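Student: Each chain, written out:
2 protein chains.
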Amino acid sequence: MHFMQSLQHAWQRNHSLVCVGLDPDPAKFPVHLAGKPEAVFDFCAAIVDATADLVCAFKPQIAHFAALRAEGVLERLIAHIHEKHPGVPVILDAKRGDIGSTAQRYAIEAFERYGADAVTANPYLGYDSIAPFLEHADKGVVLLCRTSNPGGADFQALDCGGAPLYLRVAETIAAKWDAHGNCLLVTGATWPEELGKVRAVAGDMPLLVPGIGAQGGDVAAVLHHGLTTNGTGLVISSSRAILYAGHGEDFAQAARTATTQLRDAINAHR
Amino acid sequence: MHFMQSLQHAWQRNHSLVCVGLDPDPAKFPVHLAGKPEAVFDFCAAIVDATADLVCAFKPQIAHFAALRAEGVLERLIAHIHEKHPGVPVILDAKRGDIGSTAQRYAIEAFERYGADAVTANPYLGYDSIAPFLEHADKGVVLLCRTSNPGGADFQALDCGGAPLYLRVAETIAAKWDAHGNCLLVTGATWPEELGKVRAVAGDMPLLVPGIGAQGGDVAAVLHHGLTTNGTGLVISSSRAILYAGHGEDFAQAARTATTQLRDAINAHR
Numbered sequence: 472m473h474f475m476q477s478l479q480h481a482w483q484r485n486h487s488l489v490c491v492g493l494d495p496d497p498a499k500f501p502v503h504l505a506g507k508p509e510a511v512f513d514f515c516a517a518i519v520d521a522t523a524d525l526v527c528a529f530k531p532q533i534a535h536f537a538a539l540r541a542e543g544v545l546e547r548l549i550a551h552i553h554e555k556h557p558g559v560p561v562i563l564d565a566k567r568g569d570i571g572s573t574a575q576r577y578a579i580e581a582f583e584r585y586g587a588d589a590v591t592a593n594p595y596l597g598y599d600s601i602a603p604f605l606e607h608a609d610k611g612v613v614l615l616c617r618t619s620n621p622g623g624a625d626f627q628a629l630d631c632g633g634a635p636l637y638l639r640v641a642e643t644i645a646a647k648w649d650a651h652g653n654c655l656l657v658t659g660a661t662w663p664e665e666l667g668k669v670r671a672v673a674g675d676m677p678l679l680v681p682g683i684g685a686q687g688g689d690v691a692a693v694l695h696h697g698l699t700t701n702g703t704g705l706v707i708s709s710s711r712a713i714l715y716a717g718h719g720e721d722f723a724q725a726a727r728t729a730t731t732q733l734r735d736a737i738n739a740h741r
Numbered sequence: 472m473h474f475m476q477s478l479q480h481a482w483q484r485n486h487s488l489v490c491v492g493l494d495p496d497p498a499k500f501p502v503h504l505a506g507k508p509e510a511v512f513d514f515c516a517a518i519v520d521a522t523a524d525l526v527c528a529f530k531p532q533i534a535h536f537a538a539l540r541a542e543g544v545l546e547r548l549i550a551h552i553h554e555k556h557p558g559v560p561v562i563l564d565a566k567r568g569d570i571g572s573t574a575q576r577y578a579i580e581a582f583e584r585y586g587a588d589a590v591t592a593n594p595y596l597g598y599d600s601i602a603p604f605l606e607h608a609d610k611g612v613v614l615l616c617r618t619s620n621p622g623g624a625d626f627q628a629l630d631c632g633g634a635p636l637y638l639r640v641a642e643t644i645a646a647k648w649d650a651h652g653n654c655l656l657v658t659g660a661t662w663p664e665e666l667g668k669v670r671a672v673a674g675d676m677p678l679l680v681p682g683i684g685a686q687g688g689d690v691a692a693v694l695h696h697g698l699t700t701n702g703t704g705l706v707i708s709s710s711r712a713i714l715y716a717g718h719g720e721d722f723a724q725a726a727r728t729a730t731t732q733l734r735d736a737i738n739a740h741r
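If you read the protein sequences in the order shown, they are chains A and B. When we follow the working numbering, the leftmost residue of the first sequence carries the number 472, and every step to the right adds one. When we follow the working numbering, the leftmost residue of the second sequence carries the number 472, and every step to the right adds one.
Bear in mind the hints are in silico, worked out from the structure with no lab data behind them. The structure presented is a predicted model; accordingly, all values stated were derived computationally and were not measured. Keep in mind that a hint or two might mislead.
Claimed, not checked - Partial chain A-side listing against chain B, Cβ under 7 angstroms, derived:
#1 Lys566
#2 Ile579
#3 His695
As the list claims (entries may be wrong) - If you want the ones that stay clear, here's a sample from chain B, every Cβ over 12 angstroms from chain A, calculated:
#4 Pro501
#5 Ser600
#6 Gln627
#7 Arg741
From the three backbone atoms N, C-alpha and C, an ideal C-beta is built for every residue, glycine too.
Construct all of the structure, not just a fragment, from the sequences and the given hints.
Tutor: The following block contains the structure:
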């Protein structure tokens with residue numbers, strides 16, 4: 472199924488705009504998992520199984536696996552999601568970006584090797600660096616636009632002839648890159664008014680919104696500025712606040728509770 | 472040793488500004504390596520061993536390993552370079568970029584797991600996304616500035632208050648990010664005049680220059696616009712034109728010949 476269809480179905484089926492980010496950090500795992508060879512897989516799979524009916528997507532962050540030499544775990548985790556929770560799309564958070572011939576390799580990595588339904592990418596190198604992802608018309612391509620971190624303004628907010636760079640990026644992607652209707656934009660929850668400006672130029676393009684939870688974004692403001700007319704259009708990602716909500720053997724139940732609370736807090740504003 | 476020292480020593484010792492990019496593509500390997508389980512390692516190690524006295528750096532491109540599920544090969548290849556050719560620095564071409572807590576994981580991936588001496592990174596997310604790399608003061612951080620691909624102009628050339636974005640990036644890095652003296656900038660050989668503008672604002676900061684060879688960059692123009700006053704300051708990267716110079720059992724010798732020719736063509740303009 473096309474990523475966008477999967478996402479729309481999951482929005483409806485689970486009545487949820489929440490995306491759980493899978494950023495495993497063994498130093499934060501519950502004690503009973505410490506040192507076990509399968510700890511990373513077991514931790515992430517338990518989170519997935521406890522939250523799959525509450526989310527619109529999962530978003531594993533590849534650096535957290537690569538730093539652990541755990542690419543094989545990431546492969547198995549995504550296969551686990553597809554097998555146990557079909558219909559919940561997987562966004563591989565890799566923020567890739569390179570010249571065309573290398574971007575083709577990154578597209579193979581994301582879509583063939585890992586079987587991701589969508590991948591995050593960095594637009595700084597321009598169209599031909601993203602085209603090899605876009606050509607997978609059934610896959611989502613989630614492009615950085617206005618990021619949630621403090622340094623996001625360093626370049627993204629520079630004035631480019633009357634509009635900040637991040638809006639030029641959004642305009643260009645909406646007008647020129649989205650021919651297959653498979654683009655999304657990353658717009659941080661920490662800048663809700665700027666998120667609204669992106670929404671104004673991006674039409675109904677889905678926005679991936681990190682920065683809720685640990686980074687302090689405001690749910691009400693994000694919904695106010697970001698919802699589409701049908702009450703969707705947002706993939707609101709939370710990682711640490713869900714993954715590490717509990718520290719004991721009931722960590723997965725704690726994650727479920729935190730996910731439910733976030734889903735409901737979001738839905739209260741829809 | 473500090474990456475910058477290694478680079479300066481290699482520039483002098485090998486009288487070379489050439490960096491060989493290691494982008495293994497099994498479809499282009501010589502027939503006698505086809506299908507062998509160690510083909511990727513054997514191919515890359517043969518290229519390395521045949522050219523190590525002719526280069527100032529090696530630059531493995533991680534997508535070409537990741538698409539093959541060959542992270543283990545990349546680890547062994549970098550270890551091989553350090554063991555057999557100490558003093559030739561390794562630049563891991565990964566173009567990473569993410570928020571600070573994730574960037575820390577990417578820094579672990581590049582410097583601890585792979586043992587790279589430098590890593591390429593994307594500046595779009597701003598200072599805090601790069602700081603975890605910069606804090607490794609003995610490592611090089613090679614930041615995208617003006618890239619060699621056709622789409623490089625899409626955003627990099629946008630006018631930001633009287634100067635293009637890529638120059639704002641260069642200025643910011645030179646003025647604010649380079650406190651440890653461990654930054655480099657990527658400036659494509661395909662835009663030599665723009666490379667000269669970067670040189671004008673970046674002082675003696677080394678420039679990594681892809682786009683010579685397969686992408687058609689002009690050696691004379693690059694040297695004219697990019698050399699520092701001591702006749703160095705450039706890391707001129709060539710991948711396909713060297714790796715696939717030969718197609719038979721003598722591929723490594725052919726790569727050596729191509730590397731020698733490029734080194735000499737460059738040195739003729741120094």
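Student: A separate judgement is required for each hint: does it hold in the structure or not?
Tutor: Hints and how they fare:
1. Lys566: Hint holds; Lys566/A Cβ to chain B Cβ min 5 angstroms, cut 7 angstroms.
2. Ile579: holds (4 angstroms)
3. His695: This hint is violated: His695/A lies away from chain B, its Cβ roughly 24 angstroms from the closest one there, beyond 7 angstroms.
4. Pro501: Holds, because the least Cβ-Cβ distance between Pro501/B and chain A comes to about 20 angstroms, which exceeds 12 angstroms.
5. Ser600: Non-interface label on Ser600/B violated, nearest chain A Cβ at 6 angstroms vs cutoff 12 angstroms.
6. Gln627: Nearest chain A Cβ is 7 angstroms from Gln627/B, so the label is violated.
7. Arg741: Label holds. Min Cβ-Cβ 27 angstroms, cutoff 12 angstroms.
The structure fails to meet hints 3, 5 and 6 from the earlier list, while all remaining hints are met.
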